[in-house]
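Protein chains in written order, with my numbering: chain A, 1 to 97; chain B, 1 to 489.
To be clear, the hints were calculated from the coordinates, so they are not data collected in a lab. Beta carbons are placed, not taken as given, at the ideal position from N, Cα and C, and that holds for glycine. One or more of the hints may lead you astray.
Okay, derived cross-link-like pairs now, DSBU-like style, lysine-lysine, Cα gap no bigger than 35 Å in a straight line [as the list claims (entries may be wrong)]:
(1) LYS391/B with LYS469/B
(2) LYS143/B with LYS69/A
(3) LYS143/B with LYS272/B
(4) LYS92/A with LYS265/B
(5) LYS92/A with LYS96/B
(6) LYS87/B with LYS89/A
(7) LYS265/B with LYS451/B
(8) LYS138/B with LYS10/A
(9) LYS223/B with LYS96/B
(10) LYS454/B with LYS489/B
(11) LYS89/A with LYS223/B
(12) LYS92/A with LYS272/B
(13) LYS265/B with LYS89/A
(14) LYS29/A with LYS87/B
(15) LYS120/B with LYS454/B
(16) LYS272/B with LYS211/B
(17) LYS143/B with LYS92/A
(18) LYS87/B with LYS2/A
(19) LYS349/B with LYS391/B
(20) LYS138/B with LYS89/A
(21) LYS211/B with LYS124/B
(22) LYS92/A with LYS69/A
(23) LYS143/B with LYS89/A
(24) LYS69/A with LYS223/B
(25) LYS92/A with LYS10/A
(26) LYS10/B with LYS61/B
(27) LYS272/B with LYS29/A
(28) LYS272/B with LYS118/B
(29) LYS96/B with LYS10/A
(30) LYS118/B with LYS454/B
(31) LYS10/A with LYS223/B
(32) LYS391/B with LYS445/B
(33) LYS2/A with LYS40/A
(34) LYS10/A with LYS272/B
(35) LYS143/B with LYS10/A
(36) LYS124/B with LYS10/B
(37) LYS391/B with LYS376/B
Across the chosen pairs, the derived CB separations fall in these ranges [claimed, not checked]:
(38) LYS120/B with ASN60/A: 40 to 50 Å
(39) THR72/A with ASN194/B: 26 to 36 Å
(40) ALA91/A with TYR280/B: 20 to 30 Å
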Amino acid sequence: MKLDNATIDKIAHLARLNVADSERENLLKDMNNILNFMEKLNELDTTGVEPLIYLTDSVNVCREDVVNKEITVEEALRNAPLHDEHYFKVAKVIHKQ
Amino acid sequence: MKTSQSALHKYELVVGLEVHVQLSTQTKIFSSDPASFGAGPNQHTSPVSLGLPGTLPMLNKKVVEYAVKMGLATHCHINRENRFDRKNYFYADLPKGYQITQDEAPVCVNGYIQLVFKDKEDKKIRINRIHMEEDAGKSMHDKDPRYSLIDLNRAGVPLIEIVSEPDIRSAEEAAAYLTEIRKIARYLDICDGNMEEGSIRCDANISVRLKGAETYGNRCEVKNLNSIRNLQRAINYEFQRQVALLEAGETIGQNTLNFDAATGKTSVLRSKEMAYDYRYFPEPDLQPLVLEDSWIDNLLKSLPELPEQRIARYMADYGLSEYDANLLTIEREVAEFYEELITHTSNYKAAANWTIGPIQSYLNEGNTSISELPVKTSVIAQVIALVDNGKINNTAAVQQLFPALIRQPETPVERLMHDLNLLIDTNEDELLQFINEALAQYPDKVVEYNKGKKGVLGLFMGEVMKRSKGKIDPKTANKLMVQKLEALK
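Put together the whole structure using the sequences plus the hints.
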């Protein structure tokens, strides 16, 4: 599979990244290299091999339904670039959901 | 928009619902901060629900239990092997940039919900799947002139999403289905059922097709329907809109729509081309969840008696109609009230009529719950017995005695009946006197009766009621009246 500029634009949009025209060429080359590497891996016959999702064999790692308040409102808001006493502030979201 | 009735009759409505039910656990689905509603903004957060880097989610056992309970109550198959997936999208109230949900392996599949109607046959609505997921936070766009404000109290609150098959064919069925889900969730005590607070939310996939067509039409998804009434309004509006488009030779765009409760209309939120690309993939931060048969069996045994089973029992044991039994079981508390009431009376039908009639009306008017009804079940049973024994007529009991009992629940029934002068103490001579007066007043109607027009009996009875101020036993009065009229022939 060969990537083109349209694909770069789509992926950049999904990741909410602005890609300058000057960056495109290098990005295209890098991403095509990655895909080529993947194609190499695809040469391996993986019939009957389950995809690896988890790195350990543990299952059912759960907790009880018990409240534990770890942080205060001040702490919650502290790292946000913009906030008041109560809320996080973000750029006005135009499209209303 | 006007579409002719004949055009509408050519088409069939097809609806599938996605219902989000907020689970009433103490804590969130993947972290220990409180899941309850009503705290001040951002008071219920944790490093996990804020999506801070390096934090790891940990599944709340109770969420699994509640989801499986819902599945068992709706005849679903419970998947033993579960995992979670990431659904990726950017929105300011979704801190991680993805929602943890179940995509490929939902916990419950292939169930159904049985709908009961008064004047048509029962109908099964199939459930495609029920999966567990986390809620997003809340954005406020109109509180600040320059910024959107974000409250993350709701971020990470547990939800189950119940997805139906497109089996719904009318707004009425959609309403009944949503009511049923709410009812079951409340019986199971897994959700408070409060739609105004958003505890149950609904998206509707709506399409139309010519009657008899095999394939479905293009569907539109209407988002965020927050009440049963709005669900019905949106469906009816979309049916008309889509039929009008097809009749005009146009096609239906496969869009995501927003319903405006103020105007009653839908508008395009996203077109198909703008549809999100969610790029689901397995959530590697949560280990798989494997459910043991024994654990599921224990949950099954712990389920309370559900509305469906209760309806069957009321019909079999108390001889109630399916419709009445259904009304009695809409709220678990009402069903429990009824069951307490019939420990005091064996007139099951009258007990049902009282519960779904005057008592329910009283609750609806005052917007209160049955646990706050001031009148004891034993007292209602006493009133039923008085009606049965001809001591008071039913209308007077409902319209006068019952309101008095609500005002003065501590006063003995006999005392109230005496004070209100409701006791039927008219002897047969007095009753005959009333009857004679009534017949004398309408001699022409007597003639009509004799010609076979039995309908005039109601007029005579009304007159007798008026003259006696309701203090007669209608059954006796009716009998004597007929005797009298037959004698006059």
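To see whether the hints hold, each was checked on the structure:
A C-alpha spacing of about 14 Å is found between LYS391/B and LYS469/B, which places the hinted pair at or below 35 Å, so the restraint holds. Note on LYS143/B and LYS69/A: the hinted pairing holds, with a Cα-Cα distance of about 28 Å set against a maximum of 35 Å. Note on LYS143/B and LYS272/B: the hinted pairing holds, with a Cα-Cα distance of about 31 Å set against a maximum of 35 Å. For a cut-off of 35 Å, the pair hint linking LYS92/A to LYS265/B stands: about 25 Å separates their Cα positions.
For the hint pairing LYS92/A with LYS96/B, the CA-to-CA distance comes to about 19 Å; that is within 35 Å, so the pair holds. With a C-alpha separation of about 24 Å, the suggested pair LYS87/B and LYS89/A falls inside the 35 Å cut-off, and the hint holds. Taken as a hint, the LYS265/B and LYS451/B pair is broken in the structure, with Cα atoms around 57 Å apart against an allowance of 35 Å. At roughly 28 Å between alpha-carbon atoms, LYS138/B and LYS10/A fall within 35 Å of each other, so this suggested pair holds.
Proposed proximity of LYS223/B and LYS96/B is supported: the alpha carbons are some 23 Å apart, at most 35 Å. For the hint linking LYS454/B to LYS489/B, the alpha-carbon distance of about 13 Å falls within 35 Å, and the restraint holds. At roughly 25 Å between alpha-carbon atoms, LYS89/A and LYS223/B fall within 35 Å of each other, so this suggested pair holds. Taking the CA atoms of LYS92/A and LYS272/B, the gap is about 25 Å. The hint holds against a cut of 35 Å.
Note on LYS265/B and LYS89/A: the hinted pairing holds, with a Cα-Cα distance of about 31 Å set against a maximum of 35 Å. Proposed proximity of LYS29/A and LYS87/B is supported: the alpha carbons are some 28 Å apart, at most 35 Å. The straight-line distance between the Cα atoms of LYS120/B and LYS454/B is roughly 31 Å, inside the 35 Å bound, and the hint therefore holds. For the proposed pair LYS272/B and LYS211/B, the alpha carbon gap of about 26 Å is at most 35 Å, so the pair holds.
Restraint check for LYS143/B and LYS92/A: the C-alpha separation of about 11 Å stays at or below 35 Å, so the hint holds. Pair hint LYS87/B plus LYS2/A holds up; C-alpha atoms about 26 Å apart against a cutoff of 35 Å. Among the hinted pairs, LYS349/B with LYS391/B is consistent with the structure: their alpha-carbon atoms are about 19 Å apart, no more than 35 Å. Between LYS138/B and LYS89/A, the direct Cα distance comes to roughly 12 Å. Compliance with the 35 Å bound is thereby established for this hinted pair.
Straight-line distance between C-alpha atoms of LYS211/B and LYS124/B comes to about 20 Å, which keeps the hinted pair within the 35 Å bound. Taking the CA atoms of LYS92/A and LYS69/A, the gap is about 30 Å. The hint holds against a cut of 35 Å. Of the supplied pair hints, the one linking LYS143/B and LYS89/A holds, its CA atoms being roughly 11 Å apart against a limit of 35 Å. Annotation: proposed proximity of LYS69/A to LYS223/B holds, straight-line Cα distance about 33 Å (limit 35 Å).
For the hint linking LYS92/A to LYS10/A, the alpha-carbon distance of about 24 Å falls within 35 Å, and the restraint holds. The suggested pairing of LYS10/B with LYS61/B is violated, with an alpha-carbon distance near 50 Å, which exceeds 35 Å. Distance hint between LYS272/B and LYS29/A is fulfilled; the C-alpha atoms sit about 31 Å from each other, no more than 35 Å. Annotation: proposed proximity of LYS272/B to LYS118/B is violated, straight-line Cα distance about 40 Å (limit 35 Å).
With a C-alpha separation of about 21 Å, the suggested pair LYS96/B and LYS10/A falls inside the 35 Å cut-off, and the hint holds. Taking the CA atoms of LYS118/B and LYS454/B, the gap is near 29 Å; set against the 35 Å cutoff, the hint holds. Among the hinted pairs, LYS10/A with LYS223/B is consistent with the structure: their alpha-carbon atoms are about 26 Å apart, no more than 35 Å. The straight-line distance between the Cα atoms of LYS391/B and LYS445/B is roughly 30 Å, inside the 35 Å bound, and the hint therefore holds.
Simply put, LYS2/A and LYS40/A have alpha-carbon atoms about 14 Å apart, close enough for the 35 Å limit, and the pair holds. Annotation: proposed proximity of LYS10/A to LYS272/B holds, straight-line Cα distance about 16 Å (limit 35 Å). A C-alpha spacing of about 33 Å is found between LYS143/B and LYS10/A, which places the hinted pair at or below 35 Å, so the restraint holds. Between LYS124/B and LYS10/B the CA atoms are separated by roughly 24 Å; this keeps the pair inside 35 Å, and the hint holds.
Pair hint LYS391/B plus LYS376/B holds up; C-alpha atoms about 20 Å apart against a cutoff of 35 Å. For the hinted restraint 40 to 50 Å between LYS120/B and ASN60/A, the CB-CB distance of approximately 45 Å keeps it satisfied. Separation of THR72/A from ASN194/B is about 28 Å and conforms to the stated range, judged on CB atoms against 26 to 36 Å. The supplied range of 20 to 30 Å is met by ALA91/A and TYR280/B, whose beta-carbon atoms lie about 27 Å from each other.
The structure shown violates the earlier hints numbered 7, 26 and 28.
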